[in-house]
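Colleague: Below, each chain spelled out in residue letters.
Number of protein chains: 4
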Amino acid sequence: MKPKQFDAIIIGGGVMGCSIAYQLSKRKKKVLLLEKNQIGCEASSAAAGMLGVQAELEAHDPLFELAKSSRALFSSLASEIKALTHIDIELIHNGQLKMAQNEEQVESLKAIGDWQRSIGEEAIWLDREALLNLEPCLSENLHGALYFPKEGQVYAPNLTQGFAKASALLGTKIREYCEVQSLILSHHTVQGVRTLLGDFYAETIIVATGAWSGQWLPQELQQKQPLYPVKGEAFSLTTHAPFIKRTLFTKGCYIVPKRGGQLLVGATMHAHTFDKSVSLQGLSSLMNKAKEILPIIETATMDRFWSGIRPMTQDGFPYLGEHPDIDRLFIATGHYRNGILLSPITGQLIAEMVTDQRLSVPLNDFRINRHIDTQEVLT
Amino acid sequence: MKPKQFDAIIIGGGVMGCSIAYQLSKRKKKVLLLEKNQIGCEASSAAAGMLGVQAELEAHDPLFELAKSSRALFSSLASEIKALTHIDIELIHNGQLKMAQNEEQVESLKAIGDWQRSIGEEAIWLDREALLNLEPCLSENLHGALYFPKEGQVYAPNLTQGFAKASALLGTKIREYCEVQSLILSHHTVQGVRTLLGDFYAETIIVATGAWSGQWLPQELQQKQPLYPVKGEAFSLTTHAPFIKRTLFTKGCYIVPKRGGQLLVGATMHAHTFDKSVSLQGLSSLMNKAKEILPIIETATMDRFWSGIRPMTQDGFPYLGEHPDIDRLFIATGHYRNGILLSPITGQLIAEMVTDQRLSVPLNDFRINRHIDTQEVLT
Amino acid sequence: MKPKQFDAIIIGGGVMGCSIAYQLSKRKKKVLLLEKNQIGCEASSAAAGMLGVQAELEAHDPLFELAKSSRALFSSLASEIKALTHIDIELIHNGQLKMAQNEEQVESLKAIGDWQRSIGEEAIWLDREALLNLEPCLSENLHGALYFPKEGQVYAPNLTQGFAKASALLGTKIREYCEVQSLILSHHTVQGVRTLLGDFYAETIIVATGAWSGQWLPQELQQKQPLYPVKGEAFSLTTHAPFIKRTLFTKGCYIVPKRGGQLLVGATMHAHTFDKSVSLQGLSSLMNKAKEILPIIETATMDRFWSGIRPMTQDGFPYLGEHPDIDRLFIATGHYRNGILLSPITGQLIAEMVTDQRLSVPLNDFRINRHIDTQEVLT
Amino acid sequence: MKPKQFDAIIIGGGVMGCSIAYQLSKRKKKVLLLEKNQIGCEASSAAAGMLGVQAELEAHDPLFELAKSSRALFSSLASEIKALTHIDIELIHNGQLKMAQNEEQVESLKAIGDWQRSIGEEAIWLDREALLNLEPCLSENLHGALYFPKEGQVYAPNLTQGFAKASALLGTKIREYCEVQSLILSHHTVQGVRTLLGDFYAETIIVATGAWSGQWLPQELQQKQPLYPVKGEAFSLTTHAPFIKRTLFTKGCYIVPKRGGQLLVGATMHAHTFDKSVSLQGLSSLMNKAKEILPIIETATMDRFWSGIRPMTQDGFPYLGEHPDIDRLFIATGHYRNGILLSPITGQLIAEMVTDQRLSVPLNDFRINRHIDTQEVLT
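Residue numbers (numbering that gives the first Met the number 0), protein chains in the order written: chain A, 0 to 378; chain B, 0 to 378; chain C, 0 to 378; chain D, 0 to 378.
With the rest of the complex left out, here is chain A (with noise of 0.2 Å):
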């Protein structure tokens, strides 16, 4: 057998291996990251950098518990990446509010804020009145809105590059343009990774290649209930004020507003497709769905449409764990909408995997082969 050069390959440089990267090297142990193209070339730039767990998320599941995990960790975040590679993530808590267009979103909004606070969370109904007072140029045909003040968001392209450095600064070797074809396994336990660079072995493998990883799940999982690719359409506008101080959340869209008057709206779903166009319909749609609740985005000065593919699975809880046949192989992926926000406790959670530490988060809900009831699953 070939000595193992690394303790850890991690395939995949997006957001989600950038981050196991960090926590793995924070950790001493020796790290391979392998990305086919560039570092966050794919969803993970092309994310608005939400970190929505209240405006998101609509039920108190284990998805929600995580993604409040992950959201604890980021002032330290964001103070250990500047300090290691003066590369600001820029996070701000800017608050987030989830509009209500009619009655029976206001009925809702208010059963979501219930459980919210009952659960700690800080979740105030407004009304017209008081939202209006809050955001100025809102549309005066809203119903209402929860406020969700201590939500924010950062720059997700940054985010991941400060994974990255702050890796690589900490030893992790990084190899951009190399991609895994294959895994060399032996006995059921991976060895290493063939690619068209050639061949590298280590203890363990990790996989976080997002929408694509579908090829490295259980054969007979994918055939019956694969993960799937879901693009999201969106553009970003720029303006010499800002119409807006918080983020704005309604049925279908969103809109963030970011540093020197930018806003970034998204976004739409179209599953099935790996095709990064963006479509008249996708963009007029966001663009008729924004104007509805901020009129006045309407004098913005356009300035550029992408979309990013995200990876969903059949019960839209992501993939957290070992592969159920394959010893020493891990799988980060399904983070769908919420890849930003889930990244910093998908790095740590991961990195105690293989480090074999006690799981911050409990990950029974997370893992492979868990059961999904196919009467259930989402559409």
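Just so you know, these hints were derived from the structure itself, not from any lab.
Among these hints, one or two may not hold up.
Heads up, the list lumps identical chains together, so a pair's fine if it works in one copy or across two of them.
What the hints assert, rightly or not - Here are the computed lysine-lysine pairs in the BS3-like style, where the Cα-Cα straight-line distance is at most 27 Å:
no.: 1; residue 1: K244; residue 2: K172
no.: 2; residue 1: K223; residue 2: K1
no.: 3; residue 1: K81; residue 2: K29
no.: 4; residue 1: K172; residue 2: K275
Chains B, C and D: place on chain A using the hints.
Modeller: Just chains B, C and D now, kept in the frame of chain A:
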């Protein structure tokens, strides 16, 4: 007095300046063309390249006759430019459809068809069924269309480059990045121009600076009835299979099928600004209009968006002629949405004036100090 | 066993895959072409489009004969593609000059001219004076050149797009953003392919994935005598007046005059990398070489720089044929610097093999399990 | 006479115009800033952002003193701008090395070090060994360097945006895409400006149009001793690990290490052109010079290239003061390679003049109608 180095200096390297340079060069004149940025970098490249005499102009007036004369020049022009420069201006006669979205428009379009046929133009009324037979992807909500089978289009950037390169081959000296600050006059006669890179002298000066021409017009005229800029926003799409063969025309929106499955959609109208940014509202409104007439367009892939700044006069007619107060100063501007279409005849007429040839078209209605009835100015 | 939806599936939408699709479609085969990104997005678009049989190849061997056969197909191909798709591949026969920079190269080039003439090729030796008469801007330090007056060029991106569009019009189904993970085999015969977007079945599978083809070759072959990537960097310039009419060729550098005064300069060689970044050294060395042979080029305006990743075999001959161990799996790769030139004959030969037609050119020297004398492998 | 809407109108939205706007706004003046394109779109964004008092200026003259005064303002300025606008101008004091490539330069640099120390500046001579200890990647062929440990740099685009945004927050009205055609005068006193979008009136007009300022200078002066444009070409590279910590300075080339491993390399000098194209020769010569002093730079990845047009006077001193013939017309131009460095003091001095405050620095040597000895003009 300084010796004159040139027969003519043209200020402005857009489609007008280049067409004039071409016609003067053909007449053996020694020409200097001064452009403050790059050849064709403003409205000339932003244009969709429609040659829409019948679709664009709605009255039988001198402008209609001027446009007809210009349209008639394109075939031989395309051949000349191809022969001299190998540049293909992509002239095709694919026809245009001016669509009715309600019964009022049906009546109005039928009336336009009547007078156009009465003066020998081809204009065919198509009811909904005939229209959908011709272009099956169009919306079923349309009420019919007036069809101009002989109308055509060119690729606008190639037309300007073609004029410029042909002129250069015939001896015109083209100087980019050379902005004219002021005219050098003697006894109410132009002698030359002053630029930040030195002075140049010529027998004749011709201003063809599009929306930036106001400073060269008589000051009193510009105060009372100013030439003003009108921004037009546009965008392009790509499709794998072409949705339409003919150019579509409706109120506030046109869709032009280009080579390789590209579609150009234009154009908004925003007066009194030189700001070339594209607003969310501008882009969004064009998208919505395009979807109304061609629903399938929503599946097309977004390519890019841009704008151009077009020169508009108070009566909608261009200015073509000599300055009323300064001898040997000629002006050609105010072509608004018809610059590409009118460029061949403009080049020819200015060259005829400069060389004292008989004019191919009477220009009384386009002279600079014509009477404009301020009761009837366009809004 | 699954029913076969297609006669053939082609993996890879570069110039080879598209040429093969075109030839199979012409033979009425039902074809699916799968491309992991976009048609022609790798080396096919990075190429300069030279058809340099005589300038590029330095020995009279089977590759020379293959290249000659391919070159002979371009004229009718250009017409066919133009007629079907309106795409102009910009085929011109402007000649090529292979230059001598010292007396040793003079001798070597004269010898090449001798054997080329002996087999009926036109190759004219020009001494310095004759050379400068033909191309007056060349350096006076050159020692002469071998002139191939009949050699030509195409515009590479248009060739790939032309093949693709013609194939689509003849019935080929093209699917972009669809990456093949693995082959579906049964008893050593291909049945189909597995992708992240589902499985597809066909009678025949053809691999045409350029520098990324190593994973589909016999594993033992790839271990011992690997196909490997060679990056080539290039850049383009614009000029107002053309400096040269013919393509210039020298050791490590070519300069190709394109339409509209553009010059393409290429290409470096960096083996064993898929990284498409352009280094200072790569760009700088090309510039210095270009200045040596065409000093006036230093006045030209920089346009852009890029690179392409080309597939290289150990003996420099492409792989064209059936996989030695898997039935109905065909491979076409390893064309290195000659991909554009060899694409017509490659498409034709693979189509002949797939449809059991008589081969227009003997392929023994290009078969995949040919003997490569490891004493003589290229470096 | 028209009522004055503004205390001051500034023509030109580069770093000078924005710095002046900032200082006038701080002094409670009502300011209109007119920019013909976009804020900071010309030389201000092309600059490398060095604050090179000691490295750039080679004599102890009034310009050296002006530069020193300006350098001293950056620390508080960075804090003010950050506090007001959240924009980080990225001020760091990483030091500069002015390198000797031969013994003649050694002597010359030692002499510079002597007089700089004599006036209290820190300037340390490093022989080859000391130099390589400090910056191990430098060429071993260097003969030593003069080290200015306190010199620093900013990120130039952020400085201009910071001034602009701070001004806007303090009340300055900024109007982009608004080109001034001419001044409105009455009895040799400025009253306002004429633009294509209307007339604007103010008590004071300030011209800060960089290389485009010649048209506003006294005509006789501009004829005899013209302000003229000097193009500077530059390029940037990216590196994974930083090669240098300090800015490198040599004859005709500087290399500035920026955040994230980026390197800026500049700048050529081409007088008498506004053409912003980058030539092969310009780029190639910078590359060769950079390789001479920092050989490892050849492994860095090319990022992009660009140029900026800088304003130069006949004696190399800027023009800072009132127009000799027109009252209340102030001019600030001619800063050549030192625009970023001199922008804070320029803003302060012009604001002091406009508001009749005592000048912080004597300006006699920078007045517009100073005597320039034409025997000694720079070439």
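Colleague: Hint by hint, work out which the structure violates, then give me just those numbers in ascending order.
Modeller: none
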